[in-house]
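In the order they appear, the protein sequences are chains A and B. For what it's worth, my numbering labels the leading residue of the first sequence as 1, then goes sequentially. For what it's worth, my numbering labels the leading residue of the second sequence as 1, then goes sequentially.
Hints were generated in silico from the structure; no laboratory data involved. Hints are not guaranteed to be accurate.
Pairs count within a copy or across copies, as identical chains cannot be separated in the list.
In silico SDA-like links for lysine to any residue, alpha-carbon gap of 20 Å or less [unchecked claim]:
| id | residue 1 | residue 2 |
| --- | --- | --- |
| 1 | 249 | 77 |
| 2 | 170 | 72 |
| 3 | 170 | 157 |
| 4 | 170 | 27 |
| 5 | 170 | 159 |
| 6 | 170 | 267 |
| 7 | 170 | 269 |
| 8 | 249 | 211 |
| 9 | 249 | 127 |
| 10 | 249 | 59 |
There are 2 protein chains.
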Amino acid sequence: MLYMDHIDALNTHDMSGFRPVFVAGREIGWMRHGVAERLALIPGGVFEVGPFGVAIGGAAASPDARTAAVAAALSPLIDEGLIPPRRGELYPVVERWGEPVLFALDRAHVAALGVRAFGVHINGFVRRPDGLHMWIARRADDRTVAPGRLDNMVAGGQAVGLGLMENVLKECAEEAGLTPDVAGGARPAGLVSYCVETALGLKPDTLFVFDLELPESIVPDNQDGEIQAFMLWPIERVLETLREPDAFKFNVPHVILDFAVRHGVLTPDDTPEYARIATGLRRVPVCFHPSPERA
Amino acid sequence: MLYMDHIDALNTHDMSGFRPVFVAGREIGWMRHGVAERLALIPGGVFEVGPFGVAIGGAAASPDARTAAVAAALSPLIDEGLIPPRRGELYPVVERWGEPVLFALDRAHVAALGVRAFGVHINGFVRRPDGLHMWIARRADDRTVAPGRLDNMVAGGQAVGLGLMENVLKECAEEAGLTPDVAGGARPAGLVSYCVETALGLKPDTLFVFDLELPESIVPDNQDGEIQAFMLWPIERVLETLREPDAFKFNVPHVILDFAVRHGVLTPDDTPEYARIATGLRRVPVCFHPSPERA
């Protein structure tokens, strides 16, 4: 497959199946019509459901009040199997990164409400005499998400109340056994973003990417059971493996392509797709009220 | 001013003043209504002018034939002062980077037809013990474009028939006196793009960015009169100077912000605008038939 196929695959959605979700006048997500119609029957009025949109709030006007009210209103839908069980990890709901947290939502329900989610992905790499090498992880076979698939060395979702770099240190310890003095060398290097429809709903995700250059002497060592093996591959092999449709977890090709662009592994003279890749790696989510500023 | 103000400024346009331009069924640009109406009066039918669009071609069906026919048709408009005099440098006209060259157009008329233009910008930088430093150029006072303003170490538009890396070597020699063995260390690192309306027309530009790490012993030395001085500034000073509205040539802040994002000088934890900057630096041009793939 082409590199662009990964980007196109993660920007596929039929918005006619969704209606927009608002909080305090801000557009924060998209909900399937079936979920909206079910929420319309929940007493209490936390979800004000109209035919063309859903407003969250009602009497719950503070972030904490919204968090509690939304969680309570969603409970019957969990029981009915309409949305997944809670995972016990709260994600921040924002209109855009850097803006106030409007409420917190269980990670399992982020896609059902189609709100933006954020995460950190860490490219662990080694500059060897024979070229640039990248640490690639193979996910454990018992994972719910992408069992057995390839992954970045370290990656994790962004829970509420944690800084990005704090999350990098935490995930590097859990997933790769890296001490803070090693993981602290991770350097922010931008982001990738996409907006994809899945069985669970809409996922408008932003992954903040970090580069962590490691000496050959440091070998990642998984602590939390998420990873079954780490491989140090030449970057050319990593890129070749992107040609296989399902080798990697769905959003990892974005992070690898971004790394290859930033490090000059892909060049604009030799890659006809180059400009489409570079631009396609940072898509603005679908908006009910589109504006170039809604990035 | 805010970093985002630079990005917003370069994505400002009122498309009601333009109509789309097509070649061989491909959308390639935007033309002001006044220019279109004047071209409608040119005999020969190279520009087929309708109220809602302009098709270029007519009998001229090959790239070379289009190049000649378009140049001839534009001549009266130059004489009348409706478009600028030729500069004698031909730019490729493409629907997207990496696709076939549909014809070549004098650099001076690229904005009048609103076609995409491409260029290379080279970040010259030095890793000193006291931190990252960047070479900043001050443009000569006799330049037509941005006289006296600050610029990247080396930058240049992309003429037809030249590779990007070939252009990097050529511009590094002319603008900074760098030998090919030094300039050859430049590494592609992505691109920035914007779409801005100017007095000349619409500019949907893509700048391919290259990083060139230099030892302290190498000092750029301008050969072609475009630059009056080079300064090696700490990256923090470069970013501070971005706060001044008109210190830099109009599109240079994009390249510097991209550099600062890629090198972790700006961090997502400390920069509320971070996600908007990262996404805003790569805008897809305005399209008559919008599609996410038109990057």
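| Which hint numbers does the structure go against, in order from smallest to largest? | 1, 2, 4, 9, 10
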